[in-house]
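Student: Quick note, the sequences are listed as chains A and B, same order.
Count along the first sequence from 1, then add 1; that gives the number in my numbering.
Count along the second sequence from 1, then add 41; that gives the number in my numbering.
Calculated from the structure, these hints are not laboratory results.
These figures come from a predicted structure and were not determined experimentally.
C-beta atoms are modelled at their ideal positions from N, C-alpha and C, and glycine is treated no differently.
Mixed in with the good hints there might be a few duds.
Below, a list of computed lysine-lysine pairs in the BS3-like style, where the Cα atoms sit at most 25 Å apart [as the list claims (entries may be wrong)]:
{"no.": "1", "chain 1": "A", "residue 1": "405", "chain 2": "B", "residue 2": "46"}
{"no.": "2", "chain 1": "B", "residue 1": "50", "chain 2": "A", "residue 2": "418"}
{"no.": "3", "chain 1": "B", "residue 1": "50", "chain 2": "A", "residue 2": "405"}
{"no.": "4", "chain 1": "A", "residue 1": "349", "chain 2": "A", "residue 2": "295"}
{"no.": "5", "chain 1": "B", "residue 1": "50", "chain 2": "A", "residue 2": "400"}
{"no.": "6", "chain 1": "A", "residue 1": "651", "chain 2": "B", "residue 2": "58"}
{"no.": "7", "chain 1": "A", "residue 1": "632", "chain 2": "B", "residue 2": "46"}
{"no.": "8", "chain 1": "A", "residue 1": "418", "chain 2": "B", "residue 2": "46"}
Among the chain A residues that face chain B by a calculated CB cut under 8 Å, a handful are [as the list claims (entries may be wrong)]:
{"no.": "9", "residue": "211"}
{"no.": "10", "residue": "218"}
{"no.": "11", "residue": "269"}
{"no.": "12", "residue": "537"}
{"no.": "13", "residue": "572"}
{"no.": "14", "residue": "655"}
{"no.": "15", "residue": "659"}
{"no.": "16", "residue": "665"}
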Amino acid sequence: MLKCRTVWKKLAPLARASSTVCRQNVRRTGLTSSRIPACVPVAHMSTGPAGGGRENQLYILLVGAACVGGAIYTYRTVKGDSQRYQDRIEEISSRSYKRATAEPATPIQSEPSAVDATETEVILEPEPEAAPSLEPEAAPSLEPEAAPSLESEAAPSPEEPSPPAPDAEVAVPETTELPPGGPAPDSLKVPSHTPYLLIGGGTASFAAARSIRARDPGAKVLIVTDESDPPYMRPPLSKELWFSDDPSVTETLRFKQWNGKERSIYFQPPSFYINAEELNGAENGGVAVLTGKKVVHMDVRGNKIKLDDDTEISYDKCLIATGGVPRNLQVIERAGEEVMKKTTLFRKIEDFKSLDKVSRNVKSITIIGGGFLGSELACALGRRSTEYDLEVVQMFPEKGNMGKVLPEYLSNWTTEKVKSEGVKVISEALVKSVVCKDDKLEIKLKDGRLVKTDHIVAAVGLEPNVDLAKSAGLEVDSDFGGFRVNAELQARSNIWVAGDAACFYDIRLGRRRVEHHDHAVVSGRLAGENMTGANKPYWHQSMFWSDLGPDVGYEAIGIVDSSLPTVGVFAKATAKDTPKAATEKSGTGIRSESETEDTATSPVASLTLAPTVEQHQDEYGKGVIFYLRDKVVVGIILWNVFNRMPIARKIIKDGEEHADLNEVAKLFNIHDD
Amino acid sequence: MSYCKQEGKDRIIFVTKEDHEAPSNAELIADDPNDPYEEQGLILPNGDINWNCPCLGGMASGPCGSQFKEAFSCFHYSKEEVKGSECIDNFRNMQECMQRYPELYPQEEDKESSQAEASSSSVSAAPTEGSALPPETDSTPATSTSDSTSLIDNQTAS
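With the rest of the complex left out, here is chain A (with noise of 0.2 Å):
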């Protein structure tokens, strides 16, 4: 006991040196917890008593050879790594774009024999944890530190998996010979960085776009989608490309507007974007979209993405604006190949041309669902059912269409008109089992009844998209699905969500997650607004809106939800009170436009159907219905009463009780035109 008291005495001055040396490196090669508590023990082991006098010598022999050693391995792998971030550079600029499959054999290998050296090593090299301090925004090609790729750029270069990042960070030298602009970036294919990147190609992340573009003069923004096509807008998908008289449409995608004009589905034409490769070097920045690339990783930490590919694109900004997939039955996915064959999970333009096709050529298509998508779906093809000869039959659930929407007696009245429009109304279905038989399909419902048709278009909700949710450490919600954000639809400091994916936090309305096409643009303008330090919450309420045929349309705010209580106030409706009269009127496109364009008046395409109103005595031919909570107006629907969101807007704005309902009816003069 005493013995070790004297060694320890005799020994304490060489290990605090010892230790200090230890500590001074801990501090400069930055940290990592796991590591010292493997310095310390060390120290203690390596100057194991030996007793007597003698072990100085001993230990002082021990240290220098560690620290020779150290130094050989330290230049040893600087030098090679020098050598191999010199033939990297060879490699790019001679541009030839093979997958170096030595070179993750290479950094493997090296790192956990470094990792090993680092244990037994006291002393560690300068570790270019000047690295790290080199990093943070910097020049576009500069690698993020957590890298644990050996290369200083990014690039398309194979990478490691991140657990072991933490370790290699620290074992696996950097180069420190970093050049100052890294290498030429256009040469690459991908930048690898950007001050602006947006997840998702859609109609919230070019909105985004948009707001950072007008905030941020000579902004760089990278749009990243796994989709083939350039941003576009997807309510045409379900109405307008289907009334086109073009026997091309789903080629050009192109529709024709109320008004008369015609437009693309996409918001804008390719030459609008630049190219992926060219946005580092844009003077005035621009746009770009690089499409058919997922992305499947994120690091918060590091504030960079990993591509399928395994490219690696760091950010100053980041939008999650990744949207759903449609969700499917479980009957049908258990059903198997052949009824999977015959199903469509609308949402792309890639399904609407299939299903485009598969209409022309079946005889009968089964929608279920009976939402907007559903619905909207229905009235589509019913109206086709005349010209080719196609059965349209549509199932749900609900007592009727738009059930969990409307209030049942409207939900009723609708579908009346969803029937009226060709198609076969199927109520309170629930679809028990599909089975593939003689190349038709079989659906049996729970109450025993079986409908036979060709193919199946399933509209039953959106699973909003949270893949990169694990990867990033982001919040889901639990009741709304989506990713968690707050009323400034910020996620994390550099990241913001919106659109379909984004559950936020509605001053007014409390939190929720919407799935329009308003509130997409909304959002991602304010997300945009936000990502150039506007910090402003959500305010400006999104609306959304529906037509099923000619005869109803409508448009709404707020949340309607039918299990609401519910006020609505009713008159009659003339001809003119079609969604057609409403848009030839204000000459708008489309209906959210109408409030803000006041674009110029052309001659309206004529309409194949005839517009008629029956005239018995419940007719909900035009009117205003209030949804209620807690007495507080918190959802409005216009219905076929149009140009009059402002005032609705205002009226939930202001949140306030109203006794009379019939009284705040009378602000929207539903009598006029």
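Assemble the complex: chain A is given as a structure, and chain B must be docked to it using the hints.
Tutor: Frame of chain A, contents of chain B only:
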């Protein structure tokens, strides 16, 4: 004559035109024009141009965005007698840029641009520019470019 009925939790009121003739006594809260949260129009309360106004369509964000911003800013702050007369170079730059992207900025804008200028009179004093300035000056929804871009714009006009 109006009548009312109740179906479960839903109340339905049918009203005639006469019923709604009397002005409403529903009270709405007065709006604060300087509310920072609200969507702003083309001109902000402090006099600056709101480049993010949906009414501009994609003009400020497209490839010719910076040229457009320069030209329009110059015009907006111009104090000359003929407003914007010193901005000819800016507008020329803008036009040159736009000519490079005929798809985005279609050149048959003469009709619409005069309308455009008329509707942008809220920001300018002079109704139309002299022939000195190129036709495609201001941006507004009337131009067919922003027609393609305006579809995602939505805000309450202030």
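Student: Confirm or reject each hint.
Tutor: Hints, verified against the model:
1. Distance check on the hinted pair: residue 405 of chain A and residue 46 of chain B sit about 21 Å apart at the alpha-carbon level, within 25 Å; holds.
2. Between residue 50 of chain B and residue 418 of chain A, the direct Cα distance comes to roughly 24 Å. Compliance with the 25 Å bound is thereby established for this hinted pair.
3. For the hint pairing residue 50 of chain B with residue 405 of chain A, the CA-to-CA distance comes to about 14 Å; that is within 25 Å, so the pair holds.
4. For the suggested pair residue 349 of chain A and residue 295 of chain A, the alpha carbons sit about 16 Å apart, so the restraint of at most 25 Å is met.
5. With a CA separation close to 16 Å, the supplied pair residue 50 of chain B and residue 400 of chain A stays within the 25 Å bound.
6. Using a Cα cut-off of 25 Å, the hinted pair residue 651 of chain A and residue 58 of chain B holds, with the two alpha carbons roughly 23 Å apart.
7. A threshold of 25 Å between alpha carbons decides the hint, and for residue 632 of chain A with residue 46 of chain B the separation of about 18 Å falls inside it, so the pair holds.
8. Taking the CA atoms of residue 418 of chain A and residue 46 of chain B, the gap is about 22 Å. The hint holds against a cut of 25 Å.
9. Interface hint at residue 211 of chain A: satisfied, since its Cβ lies 4 Å from the closest Cβ of chain B, which is below the 8 Å cut-off.
10. The closest approach between the C-beta of residue 218 of chain A and any C-beta of chain B is roughly 6 Å, which is under the 8 Å cut-off, so the hint is satisfied.
11. Residue-level restraint check for residue 269 of chain A holds (minimum Cβ-Cβ distance to chain B is 6 Å; threshold 8 Å).
12. A distance limit of 8 Å between C-beta atoms decides the matter here; for residue 537 of chain A the minimum to chain B is near 6 Å, and the interface restraint holds.
13. For residue 572 of chain A, the interface hint holds, since its Cβ comes within 8 Å of a Cβ in chain B; the closest pair sits about 6 Å apart.
14. Given hint, residue 655 of chain A at the interface with chain B, holds; its Cβ is 5 Å from that chain's nearest Cβ, closer than 8 Å.
15. The restraint placing residue 659 of chain A at the interface with chain B holds, with a minimum CB-CB distance near 6 Å, inside the 8 Å limit.
16. Below 8 Å, beta-carbon pairs count as interface contacts, and residue 665 of chain A has one with chain B at about 4 Å; its hint therefore holds.
Against the hints set out earlier in the document, no violation occurs for any number.
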